[in-house]
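Visitor: I would like the entire structure built from these sequences, with the hints used as guidance.
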Amino acid sequence: MELVSVAAVSENGVIGTDDEVPWDLPEDKRQYRERVAGHPTVFGRRTFEMFDDPPGSAHVVLSRSEREFEGEDTYHASGVEETVEIGESLGVDRAYVLGGSGI
2 MELVSVAAVS ENGVIGTDDE VPWDLPEDKR QYRERVAGHP TVFGRRTFEM
52 FDDPPGSAHV VLSRSEREFE GEDTYHASGV EETVEIGESL GVDRAYVLGG
102 SGI
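Here the numbering used here is used: position 103 in the sequence shown is 104, and no number is missing along the way.
Hints were generated in silico from the structure; no laboratory data involved. All figures in this text were calculated on a predicted structure; none of them were measured in a lab. Glycine included, every Cβ here is placed at the ideal spot set by N, Cα and C. Check each hint, because a few of them may be wrong.
Unchecked claim - The following label-pair restraints were derived from C-beta to C-beta distances:
| id | residue 1 | residue 2 | range |
| --- | --- | --- | --- |
| 1 | Phe52 | Val15 | 20 to 30 angstroms |
| 2 | Glu73 | Ser11 | 27 to 37 angstroms |
| 3 | Leu91 | Ala9 | 37 to 47 angstroms |
Guide: If you want it as structure tokens, here you go:
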């Protein structure tokens, strides 16, 4: 299974800090969601918790501490190997890694 990293980076190399992206472009958000639609998405716990409606068809949350997350299509993984195993069990060939900085 392929893990594809997606990052929001400005023309001058700026990325989000303190859990925020320093711009608000609706068309950027739309293409971001369209790109990952139909694929599992991988998040760190803090990034996952920022979303009211996380993008993607299923969600893998990487966290050192095992915990339950709301949503029938949300899974916990303690590392990359487990993330890949979850993706393969879902029958997909690609998942998108959406952040945060610890990932």
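Visitor: Look at each hint and say if it fits the structure.
Guide: We went through each hint and held it up to the structure:
1. Phe52 / Val15: 20 to 30 angstroms: With a Cβ separation near 21 angstroms, Phe52 and Val15 satisfy 20 to 30 angstroms, so the hint holds.
2. Glu73 / Ser11: 27 to 37 angstroms: holds, 36 angstroms
3. Leu91 / Ala9: 37 to 47 angstroms: For Leu91 and Ala9 the Cβ distance comes to about 25 angstroms; the hint is violated.
The structure is inconsistent with hint 3 alone, although it conforms to all the rest.
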